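Asks: So the protein lines, in turn, are chains A and B.
Oh and the first sequence: position 541 is 540 in numbering that gives the first Met the number 0, straight run, nothing missing.
Oh and the second sequence: position 118 is 117 in numbering that gives the first Met the number 0, straight run, nothing missing.
It cannot be assumed that every hint is accurate.
As the list claims (entries may be wrong) - Each computed DSS-like pair below joins lysine-lysine, with the alpha-carbon atoms no more than 27 Å apart: (1) Lys800/A with Lys866/A; (2) Lys632/A with Lys49/B; (3) Lys1/B with Lys236/A; (4) Lys49/B with Lys236/A; (5) Lys670/A with Lys1/B.
Read the hints as simulated data drawn from the structure, not as lab findings.
Since the structure is predicted, the reported quantities are computational estimates derived from the model, not experimental observations.
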Amino acid sequence: MQDIQYVGEHLIPGHIGQMAIMLGFSTALLSTIAYFFATQRREQPAEAANWLRIGRFSFLIHGISVFTLIGTMFYVMINQYYEYQYVQAHVSEDLPMKYIFSAFWEGQEGSFLLWMFWHIVLGGVLMATGRRWEAPTLSLLSSVQVFLGSMILGIYIGFGDDPMRLGSNPMMLLRDMVDAPIFQSADYVSQITGTGLNPLLQNYWMTIHPPTLFLGFASTTIPFAYAIAALWTNDHKAWLKPALRWSLFSGAILGIGILMGGAWAYEALSFGGYWAWDPVENMSLVPWLFLIAGIHTNLIANATGHSIRSTHVFYALTFIFILYSTFLTRSGVLGDTSVHAFTEMGLETQLILLIGFYIVLSAALIGKRYSSIPAPQKEEATASREFWMFIGSLVLLFSGLIISASTSLPVYNKIMTYFNPDYIGRVITDPVPHYNKYQIWIAVFISLLSGVSQYLRFREPNFSKQLKKFSIHTVAALGIAALLTYLTTLWIAMNAWQYTVMLFFGWFTIVANVDYLFTVAKARLKMAGSAVSHVGFGMMIIGILASGLNQEVISNNTFVMEGLIEGATEDQLRKNVILFKDSPLIMGDYEVTYVSDTVSQFSRTFKVNYKRRDASGDVVEEFNLYPNILYDKSFTKVAASNPSTKRYLDRDIFTHIASLPRVEIDMEYRKNREDSLNYKVYEALIGETIAFQDTVPIRDQDTFFVKRFRAELVSIDRDPSHPDYAKEEGDLPIGATIRIQRLDEDSVFIVQPVLVLRGQMLYSYPVQVNDISSKVRLSEGIFDAIFGREVNMEYQPFTFKEGDQITYNGHTIQFAGFNKNPEHEAYEPQEEDIAVSAMISVQGQDGNSYMAQPLYLIRGSRPLNLKDEISELGLHFRFTGINPQEETVEVMIGQAETGGEHPIPFEVATDSLRADYIVLEAIEFPGINLFWLGSTMMMIGLFMSMLVRMQQRRQVA
Amino acid sequence: MKKIYIIAIIMVGVAIAMLTSAADDMSTYATFADAEQSGERVKIAGQLSKDKEMHYDPEVDPNYFSFYIKDAEGDERKVVLLSEKPEDFELSEQIVLTGSMKGDEFVATDMLMKCPSKYKEEEVYIKSEAG
Chain A
0 MQDIQYVGEH LIPGHIGQMA IMLGFSTALL STIAYFFATQ RREQPAEAAN WLRIGRFSFL
60 IHGISVFTLI GTMFYVMINQ YYEYQYVQAH VSEDLPMKYI FSAFWEGQEG SFLLWMFWHI
120 VLGGVLMATG RRWEAPTLSL LSSVQVFLGS MILGIYIGFG DDPMRLGSNP MMLLRDMVDA
180 PIFQSADYVS QITGTGLNPL LQNYWMTIHP PTLFLGFAST TIPFAYAIAA LWTNDHKAWL
240 KPALRWSLFS GAILGIGILM GGAWAYEALS FGGYWAWDPV ENMSLVPWLF LIAGIHTNLI
300 ANATGHSIRS THVFYALTFI FILYSTFLTR SGVLGDTSVH AFTEMGLETQ LILLIGFYIV
360 LSAALIGKRY SSIPAPQKEE ATASREFWMF IGSLVLLFSG LIISASTSLP VYNKIMTYFN
420 PDYIGRVITD PVPHYNKYQI WIAVFISLLS GVSQYLRFRE PNFSKQLKKF SIHTVAALGI
480 AALLTYLTTL WIAMNAWQYT VMLFFGWFTI VANVDYLFTV AKARLKMAGS AVSHVGFGMM
540 IIGILASGLN QEVISNNTFV MEGLIEGATE DQLRKNVILF KDSPLIMGDY EVTYVSDTVS
600 QFSRTFKVNY KRRDASGDVV EEFNLYPNIL YDKSFTKVAA SNPSTKRYLD RDIFTHIASL
660 PRVEIDMEYR KNREDSLNYK VYEALIGETI AFQDTVPIRD QDTFFVKRFR AELVSIDRDP
720 SHPDYAKEEG DLPIGATIRI QRLDEDSVFI VQPVLVLRGQ MLYSYPVQVN DISSKVRLSE
780 GIFDAIFGRE VNMEYQPFTF KEGDQITYNG HTIQFAGFNK NPEHEAYEPQ EEDIAVSAMI
840 SVQGQDGNSY MAQPLYLIRG SRPLNLKDEI SELGLHFRFT GINPQEETVE VMIGQAETGG
900 EHPIPFEVAT DSLRADYIVL EAIEFPGINL FWLGSTMMMI GLFMSMLVRM QQRRQVA
Chain B
0 MKKIYIIAII MVGVAIAMLT SAADDMSTYA TFADAEQSGE RVKIAGQLSK DKEMHYDPEV
60 DPNYFSFYIK DAEGDERKVV LLSEKPEDFE LSEQIVLTGS MKGDEFVATD MLMKCPSKYK
120 EEEVYIKSEA G
């Protein structure tokens, strides 16, 4: 193949990017090795210091390389250099700049880079604050960067026809990745355009959710790095405090990241909930559960010296499950079990290697050091806090493992098929009840433990002294919780005893932790973190029960989720309702009306009105919701449907457009549909009433139905208006007012169809009359009928002085003077216009008086005139000049054939069904704010604990 | 023996019990014939018959969408989904349905579609004015 000299390509950023990728990868490797030897040679301070310097320097260069790469990618994306594959796949001309970040991390390569970016930031903090932990932790962190960096290398290893590709390079040129005929032309760059960001992701959540989640992912590496560093250097106490600070940070950030995903699903996507036990959601939750378990064993280790080994295991599990989650979501193995769309990129082998490496590393190190990790000989007392906290951690581990087991079913299937090709894979029939039925009991245990353990003390030497106090508090808390549970059941219905148990323990942990906060912790900020988190957990439980169990589809008046653990019946799943424009429908407590809709660019927003009336019918509450849809670029389908939610303190009303009439979805279909309507042409003079009839075949029957109509052409309008018509300069619009009626009905409908001549194109704006299933539009012939008789009209010039009077075709015409503030229906004043109209009064042959005001205008030193007419007499006037010396004006007068003689044609289709409806889904979520408030409090509690511990560190130092 | 071990053993026991009971929640991808025979709620994976009629008329019933799919054995049946017609339905390559047979029809309450990836290599978007 001959070499083509391409024009218009921007290759320099590509070269810079490629260099940055290579440099970033090799410096990560160098940093790993240098920090490795800085740790290994720690007994020889001089040598270790040299290694440390190399480690720092190479990590710094690594950081600069990755930042350069990210910067280069943004540069080519912002400039829309579509010759780069990544730009072509994620950017388009109409992508608003505010979504450039979303477009960056929409792709796998971008999201790996985001992850690496956070590792570098956290690595910098670790370098500055890690002291003697710097070398081993950064060695581990750099090794993770080596693996992540290999994901974007994009080099081929091996020989032959099918070499293994290592990573997917984000700076590749499109022509190097795709073989298409277009690359035969040298100027292909000017011919291609971008695919752009998936409209579902064009949302501010896509801007904030991924960076938060990836900061969460990246931050789990740090406690793991400390755990490995402790095993490596055989120092088993000193790491616990810094690791705990980092894991509290990580727990809060990862938790917020997961919650943002839930909030996104609930608020902006039409999933109708915040959690669906989707594999991708599950696999971000599991590492968080392990991390929380690790935080608890870390606390135990700090306070008592127990559980150091478990802390190692939990931090290792957290990191490994972050990697496993990455593998599941990016390898394509989940296939058709997840709504999240992921594409295979051939990174499976690399991802498995990555997971395998860290499993082996942590297992080997834990195994090697197991016996040298100190553990108190004496067993934890049964009535001590550490004992029950540890049980709690085990419950969290258990929860995470069973979620992983169910979620990993596709992986299990794949492995089985590998050994036995005939193996038939298994699937979970209804995932939501499946997960719920186990996790309910996890929630019950965790609530119980997080309530009771607050009343216990670490290293309890003598519980019998505490017994009385413990019993009083516990019994009181149980009593109050029982009362609150009863009160709650008055508000939300519990459909099964399991839910009531869960509710009770949710309240118990709230009561116990509030009690702890005031009686034991004495409201001291230092000890408040855990209480705040645990109260939050209890509130979250109640919020889940309230919003999940009593979630009511008001667009169908049934409880949809009666069985969180049993599954919904078919009738409960009928969630949609059809809502015709201006026809109110009763939904739940509300009278719901689809009021109007507005289109702006690709989005169409619907106004849905909700009214609540009291017994006497008076409106006691009213609000509007604005769900919207986003069309794709060709206006042939709905690309995204965004719900709108009314938020109350105690519940939410969620509304979303499930579907639209096809003519409103697909503009091509709409045009074909319009063309296929059975329009018939009728003609009428102005003021004339005509009658007509139409026969309509009745669906599925061999009979016809005769419909009789009457229509009156009321008037013709030269400056018409129509809801869909936006006037442009140079338009020649014609409108007609027509009264139309079906003879067997009393109602008369007034319609105003419009026809516009714009350049060489005719635009028709018909009017639909739903009540008689008819559509009225103007025929093209209307232009001939109105203008045709003016085309051949001959004007005669006349010169007038003010007050002059002439006779023309039997009409007496007088120039009555100037109007310095002229008004003319076709005239829109502009600054610096000199405009004046001539007031011409006419005494018609018919004995009536008329007035015409043709307009004379100087705009930008160019004289213009706008004519006026007296349609009753067929007289047309043009004001063509002023002679200031003589004080005369020049007016051209023309006589057209008088109106009324030419009938005006218009068309009526009587088979046009109404299409002004929306298919709506409306759900009421009671108590959902308890979920948001509770889960947010959990994260705030983690932050509080972290801040307190950072302060303690400063006081020590 | 340490108390922790006792509790750990109890947990492992519970886990085994759970996994055993979880087997009831699982099934294999069924065919229409299986679904007909068992009458239970099953998951069916199949391909949309693009030449057959798809029907969604919200004015009649906004929760009724019918179409035809071929299951793994090539058996073609009518499917009724109790929901609106999803966007891009025609483009779907594979469809996974959860539901049960009612007479000749498979009534589905849940559906997952797999659509072709936008990263397909042969797709290069050409500006319309350049053509």
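Asks: Give a verdict on every hint.
Replies: Results for each hint:
1. Lys800/A with Lys866/A: 19 Å, holds
2. Lys632/A with Lys49/B: Between Lys632/A and Lys49/B the Cα gap is close to 24 Å, so the pair holds against 27 Å.
3. Lys1/B with Lys236/A: Holds, at roughly 24 Å.
4. Lys49/B with Lys236/A: 66 Å, violated
5. Lys670/A with Lys1/B: 78 Å, violated
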